[in-house]
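Undergrad: Guided by the hints, dock chain Z onto chain Y, whose structure is given.
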Amino acid sequence: MFQALTGRFFSGLVSLSILLLSSYKGNDARFDNFRAHMSDSGIRFEMQLVEAFENDFEEIFKSGKTISICFDLQVKQRNKVVYLASFKHLVQYDPMNQEFTVSCEDQHMSGVVIENYQEMIETISQVDYLMEGEFPPHLDVEMTSYLEKMTLESLGKEYDMMILWKYKKPTLTQHLDKLQYEN
Amino acid sequence: MKIRFSLRAIVILLFVALYITSMVVLNSFFISKQNETNEAFQNIELDEALSELSFNTAADSLKAREIMTRFRESLAASQMIHSETQIYSSVVLFILMLISIALFSIVLYKVTRPLTELQDATAKIRQGDFSVNLPPGGIPEIRELKHSFNSMSGELNLVQKKLVEAEKQLIWKKLSRILAHEIKNPLTPIQLSVQRLEEKFELDREKFDEIFPQAIEIITQEVSNLKKLAASFSDFAKNINPTFSRFSARDALTEILRPYISHYPVTLDASTTCMISWDRTHFYQVITNLLQNAIDASGEYEPIEIVVTDHEEKVCIQIKDHGKGIDEQDMEKIFQPYFTKKKKGTGLGLALVQKLCEVNRTELRVESKIGQGSNFILTMECSDENSDN
Numbered sequence: 001m002f003q004a005l006t007g008r009f010f011s012g013l014v015s016l017s018i019l020l021l022s023s024y025k026g027n028d029a030r031f032d033n034f035r036a037h038m039s040d041s042g043i044r045f046e047m048q049l050v051e052a053f054e055n056d057f058e059e060i061f062k063s064g065k066t067i068s069i070c071f072d073l074q075v076k077q078r079n080k081v082v083y084l085a086s087f088k089h090l091v092q093y094d095p096m097n098q099e100f101t102v103s104c105e106d107q108h109m110s111g112v113v114i115e116n117y118q119e120m121i122e123t124i125s126q127v128d129y130l131m132e133g134e135f136p137p138h139l140d141v142e143m144t145s146y147l148e149k150m151t152l153e154s155l156g157k158e159y160d161m162m163i164l165w166k167y168k169k170p171t172l173t174q175h176l177d178k179l180q181y182e183n
Numbered sequence: 001m002k003i004r005f006s007l008r009a010i011v012i013l014l015f016v017a018l019y020i021t022s023m024v025v026l027n028s029f030f031i032s033k034q035n036e037t038n039e040a041f042q043n044i045e046l047d048e049a050l051s052e053l054s055f056n057t058a059a060d061s062l063k064a065r066e067i068m069t070r071f072r073e074s075l076a077a078s079q080m081i082h083s084e085t086q087i088y089s090s091v092v093l094f095i096l097m098l099i100s101i102a103l104f105s106i107v108l109y110k111v112t113r114p115l116t117e118l119q120d121a122t123a124k125i126r127q128g129d130f131s132v133n134l135p136p137g138g139i140p141e142i143r144e145l146k147h148s149f150n151s152m153s154g155e156l157n158l159v160q161k162k163l164v165e166a167e168k169q170l171i172w173k174k175l176s177r178i179l180a181h182e183i184k185n186p187l188t189p190i191q192l193s194v195q196r197l198e199e200k201f202e203l204d205r206e207k208f209d210e211i212f213p214q215a216i217e218i219i220t221q222e223v224s225n226l227k228k229l230a231a232s233f234s235d236f237a238k239n240i241n242p243t244f245s246r247f248s249a250r251d252a253l254t255e256i257l258r259p260y261i262s263h264y265p266v267t268l269d270a271s272t273t274c275m276i277s278w279d280r281t282h283f284y285q286v287i288t289n290l291l292q293n294a295i296d297a298s299g300e301y302e303p304i305e306i307v308v309t310d311h312e313e314k315v316c317i318q319i320k321d322h323g324k325g326i327d328e329q330d331m332e333k334i335f336q337p338y339f340t341k342k343k344k345g346t347g348l349g350l351a352l353v354q355k356l357c358e359v360n361r362t363e364l365r366v367e368s369k370i371g372q373g374s375n376f377i378l379t380m381e382c383s384d385e386n387s388d389n
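From first to last, the protein sequence lines stand for chains Y and Z.
Here this note's numbering is used: position 93 in the first sequence is 93, and no number is missing along the way.
Here this note's numbering is used: position 158 in the second sequence is 158, and no number is missing along the way.
FYI, nobody ran anything at the bench for these hints, they're computed from the structure.
From the three backbone atoms N, C-alpha and C, an ideal C-beta is built for every residue, glycine too.
Just to be clear, a hint being listed does not mean it is correct.
Using C-beta positions, here's what the derived DEER-type ranges look like [unchecked claim]:
id : chain 1 : residue 1 : chain 2 : residue 2 : range
1  : Z       : 135       : Y       : 144       : 55 to 63 Å
2  : Z       : 145       : Y       : 9         : 42 to 50 Å
3  : Y       : 28        : Z       : 56        : 46 to 54 Å
4  : Z       : 35        : Y       : 87        : 50 to 58 Å
5  : Z       : 35        : Y       : 11        : 19 to 27 Å
6  : Z       : 112       : Y       : 9         : 28 to 36 Å
7  : Y       : 169       : Z       : 144       : 56 to 64 Å
In isolation and in its complexed conformation, chain Y is listed as follows (with noise of 0.2 Å):
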């Protein structure tokens, strides 16, 4: 609780800050394009990450660390929580080959080559995630994203990726009726 405290305080002092004080542009990150539906075997839920790797990630992403962009899905119902499911989609560059391959495990995708940075950026900004399993008619989900720290061990130093979405990790929070959802 204090830490979330903190942290929304720190993401206000910082967006604030350069609002006033800087030129930055930085990315504001957030989930759109929102669909659920049934399937055979659970609800399937689909969404976008827009506006997340627009400034400053080329040079990340062609670092050759892996990048990884985790989720977390939390479902609710009542306030009290029915499901939690957390998932990374991972980046990786070849500078030999100069392509990056990519893995989702939302959809079960892995090692995927993409050569085109644009194509690469939408394959990771899209999440389609299954949620297997019978579930009552009123839901509430919360889809939560966030970038992990990255090391370069040639340089021996750690970087806090979320400072290229100024701290703010894009939350999604939707509301779904059974009705909803089934069609």
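TA: What follows is chain Z alone, placed relative to chain Y:
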């Protein structure tokens, strides 16, 4: 609405504007220089160049990959440092700005507060309160200024006390003299009457019976005068606390003038129905006092006019006579206690009138010309229904 900024607010605003501008300009300069360094790095395009080379051995290829990885990591690190610098510099700048504004405001407050205190103290002195004393403290120049101010107010206070004491003594002396004189006046005829009665009682009984009623009448009259004198002094010395009530000036004047109209040439011209807020008893005392003065100053057939008008929420009552008028040199003294030109006056009538007008929030002034008469003018606020008494 016109907004007025205090000197303190203007200085703080100027400081903040200058501070932010200079810091932002400085920050932008360093960021632009860092951007140039980053661009220079990116223009090397080492990975593209290396990927076009063909390597004969696996060791060469591995070495090239290592070089490329290091170069790419350096570029990523440079990008991260660039982002960190931009964000942290703006956060630090913002925090520094808040701290410096807070410190600057405290210092400015410390400097300007004594000036505000001085201003308030000066206002108190202007209102006649010389007991004001500024608290010690502040920067040396301000301490010195406060010390001088306190010395000045102390001296003024002392002088004021001496003046009040002297004035009291003067008033007592004057009062004693007037009282002695006023009491002596009726005592003389009383003493003479008693002596005459005593003399006739012993020498001429017949004459005694003849003068007895006359002497008793004189004594009774003079005792009555003494009583009146005592009542006047008592009225003047009393603390006057008005009990305000709302009434029509015209109706009240009609009521007061009724006994006078049959004996004297008094007329009432009241064009207004405005209500006024006064103590009813005080109103009666003021009007009868001024009217009696007008009667005393006028000849038998000289008219006395009471005129009531209203203008811009104010009611004006004029009591005009066409009598002998007041000397220009006496105009300043007529409201002073014990000043009178009447043979049997106490000199307290107009002083009391002025005092009653003051407590009833009424302006009293007089216009007079020798040989043409006097006009006493009372000006007071109209009292609407919702006015707070």
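Undergrad: Decide, hint by hint, whether the structure agrees.
TA: Checked hints:
1. Z:135 with Y:144: 55 to 63 Å: Since the Cβ atoms of residue 135 (chain Z) and residue 144 (chain Y) sit about 57 Å apart, the hinted range of 55 to 63 Å holds.
2. Z:145 with Y:9: 42 to 50 Å: Holds, at about 45 Å.
3. Y:28 with Z:56: 46 to 54 Å: holds (49 Å)
4. Z:35 with Y:87: 50 to 58 Å: violated (36 Å)
5. Z:35 with Y:11: 19 to 27 Å: holds (25 Å)
6. Z:112 with Y:9: 28 to 36 Å: holds (33 Å)
7. Y:169 with Z:144: 56 to 64 Å: holds (60 Å)
Of the numbered hints given earlier, the model fails hint 4 alone.
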